[in-house]
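Chain A is already provided as a structure; the job is to place chain B on it using the hints.
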Amino acid sequence: MYVAVKGGEAAIAAAHTLLAKERRGDPAVPELTTDQIREQLALAVDRVMSEGSLYDRDLAPLAIKQARGDLIEAIFLVRAYRSTLPRFGYAQPIDTSAMSIRRRISATFKDLPGGQVLGPTFDYTHRLLDDSLNEVAAEPTAPARRPIADDANAPHVADLLGEQGLIEPNPQATDDAPVADLTRDPLAFPAERDLRLQSLARGDEGLLLALGYSTQRGYGRTHPFAGEIRMGSVEVHLAPEELGFEVPLGTIVVTECEMVNQFKGSAESPPQFTRGYGLTFGHSERKSMSMALVDRALRTRELGEEVVAPAQDEEFVLSHVDNVQATGFVEHLKLPHYVDFQAELQLVRQMRREWEEANRKEAAE
Amino acid sequence: MHDAQQIHDKPDARAVAARQELMAICAQASEAELTAALDALEPPPEAIDIRPAEIGLVMLRGRVGGSGAPFNVGEATVTRAAVRLSTGETGFSYLLGRSKTRARLAAILEAAGQRPAYRRSIVQHLVLPVGERVESERRVAREEAEATRVEFFTLVRGED
Numbered sequence: 007m008y009v010a011v012k013g014g015e016a017a018i019a020a021a022h023t024l025l026a027k028e029r030r031g032d033p034a035v036p037e038l039t040t041d042q043i044r045e046q047l048a049l050a051v052d053r054v055m056s057e058g059s060l061y062d063r064d065l066a067p068l069a070i071k072q073a074r075g076d077l078i079e080a081i082f083l084v085r086a087y088r089s090t091l092p093r094f095g096y097a098q099p100i101d102t103s104a105m106s107i108r109r110r111i112s113a114t115f116k117d118l119p120g121g122q123v124l125g126p127t128f129d130y131t132h133r134l135l136d137d138s139l140n141e142v143a144a145e146p147t148a149p150a151r152r153p154i155a156d157d158a159n160a161p162h163v164a165d166l167l168g169e170q171g172l173i174e175p176n177p178q179a180t181d182d183a184p185v186a187d188l189t190r191d192p193l194a195f196p197a198e199r200d201l202r203l204q205s206l207a208r209g210d211e212g213l214l215l216a217l218g219y220s221t222q223r224g225y226g227r228t229h230p231f232a233g234e235i236r237m238g239s240v241e242v243h244l245a246p247e248e249l250g251f252e253v254p255l256g257t258i259v260v261t262e263c264e265m266v267n268q269f270k271g272s273a274e275s276p277p278q279f280t281r282g283y284g285l286t287f288g289h290s291e292r293k294s295m296s297m298a299l300v301d302r303a304l305r306t307r308e309l310g311e312e313v314v315a316p317a318q319d320e321e322f323v324l325s326h327v328d329n330v331q332a333t334g335f336v337e338h339l340k341l342p343h344y345v346d347f348q349a350e351l352q353l354v355r356q357m358r359r360e361w362e363e364a365n366r367k368e369a370a371e
Numbered sequence: 603m604h605d606a607q608q609i610h611d612k613p614d615a616r617a618v619a620a621r622q623e624l625m626a627i628c629a630q631a632s633e634a635e636l637t638a639a640l641d642a643l644e645p646p647p648e649a650i651d652i653r654p655a656e657i658g659l660v661m662l663r664g665r666v667g668g669s670g671a672p673f674n675v676g677e678a679t680v681t682r683a684a685v686r687l688s689t690g691e692t693g694f695s696y697l698l699g700r701s702k703t704r705a706r707l708a709a710i711l712e713a714a715g716q717r718p719a720y721r722r723s724i725v726q727h728l729v730l731p732v733g734e735r736v737e738s739e740r741r742v743a744r745e746e747a748e749a750t751r752v753e754f755f756t757l758v759r760g761e762d
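If you read the protein sequences in the order shown, they are chains A and B. Quick note: the first sequence uses the working numbering, first residue 7, plus one each step. Quick note: the second sequence uses the working numbering, first residue 603, plus one each step.
Same shape as in the complex, but just chain A:
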């Protein structure tokens, strides 16, 4: 027999009205607009786009506002929205070497074509709170400008090593080779690199950061150098079937990180650096660096390394990196489990009766 317990509708409705009031906060304070979130909380927007796995600079701010700034809730909202839309197709792979660069640095070479371009960065700030931001300030100082240098073209740093054969080549595929898609087929193991990278790209920044950090501290050491981090805009192209040619869709901002890691060599091939790769929507430097560290750590099978640490265990990493799945399973614990719990309660009472009886018998003997 199954007995459904109903009720709570009125309480739920009242709770949601209360939520709306709390979301708004003090009505004496002007309401935040989604435009303000997009323009002034841009890095939160970028995180929601990356982990929501949906590039849309208007939806992410809306989700952040609705979620009261809870970014995982906002990511959940974006994922739910995407599931309502049809898929028009797969874009051509973006060409990050043709990026219009806003920031580009390398920790491996000081002088390199295209130079070290710091761009808008928190690096080298003193991390002192700036009281003046409490006030609505006048326009900020206009940033300096400098004519574009002749050598502004910035080739990928790893390609410079590649030309000398000092780093492993990137794996190639034919144009019609299938590409794994997590949104079409459930995660399965062993997971190849395309599937792993997709999973990491939408994965939780916090988990990736912790796992990347763990590899640096010795749990699956890979000896990384930040070969290059670049951020800027790239064009997106799609070849719709009905047209038969590529159509430019517009531009998106991405952050790319290439880690250069320690060596791999064998009887057949000389020692070479190995690669770890990170690519994220928007300006998400910490995430793309962490992704590159974990990508490299997960290549154990392919490189004949031993799995000795969590960051190298693809089943562990990929099964837990999605924060929408994680929050769903953790937070479902707060939903009513009255019947399950009654069963457990009965069980523990019975076990206690048996235990007490056994103890009484022992005492009597």
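Worth flagging that the hints you see were computed from the coordinates, not collected in a lab. Treat the numbers as computed from the prediction; the structure is a model and nothing was measured. Think of the CB as a built atom: it goes at the ideal place given N, C-alpha and C, for glycine as much as any other residue. Take these hints with a grain of salt, some might be off.
[Claimed, not checked] Computed footprint of chain B on chain A; a stretch qualifies when at least three of its residues, placed anywhere within it, have a C-beta under 8 Å from a C-beta of chain B: (1) 30–39; (2) 110–122; (3) 132–141; (4) 201–208; (5) 253–263.
Same frame as chain A, but now just chain B:
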């Protein structure tokens, strides 16, 4: 009309390149810019929807290591539309984002762009102004980035 129909039936490389160029401009143009360009067309084109503007997703791809095999990075919202002009040309648009108005305007302009009679107006009121605006924004962004480029210098100590 005859010419345009031929182009559509048998797209040669030059016609395709011209359409792609205009589509690239449309992809960067604001709703106001597209509206202004359409309003400037004389006589105004009459368009019917072949496919009313529709919002969907495109899966974006990257390459392993920046230059290797493709992988799926995540999706983007895209709005598409298709129209036919009363003169016979069909126009398509696929634009990032969720503006149905922009998508329909872009599809009409894409169709109009295939009509030699509209070509000059479209260049004058859409291609040139939008191209210039985008180029100037890009230049500012690049020059701002360039100003943050590190100039290294080496300190030499001692006699030799």
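Quick rundown of the hints versus the structure:
1. 30–39: With 0 residues closer than 8 Å to chain B, the segment 30–39 of chain A misses the three-residue bar; violated.
2. 110–122: Holds, because 4 residues of the segment 110–122 of chain A bring their Cβ atoms closer than 8 Å to Cβ atoms of chain B.
3. 132–141: Not satisfied, violated; 0 residues make the cut.
4. 201–208: This one holds; 5 residues, not fewer than the three required, reach chain B with a Cβ under 8 Å.
5. 253–263: holds (count 8)
Of the numbered hints listed earlier, those contradicted by the structure are 1 and 3.
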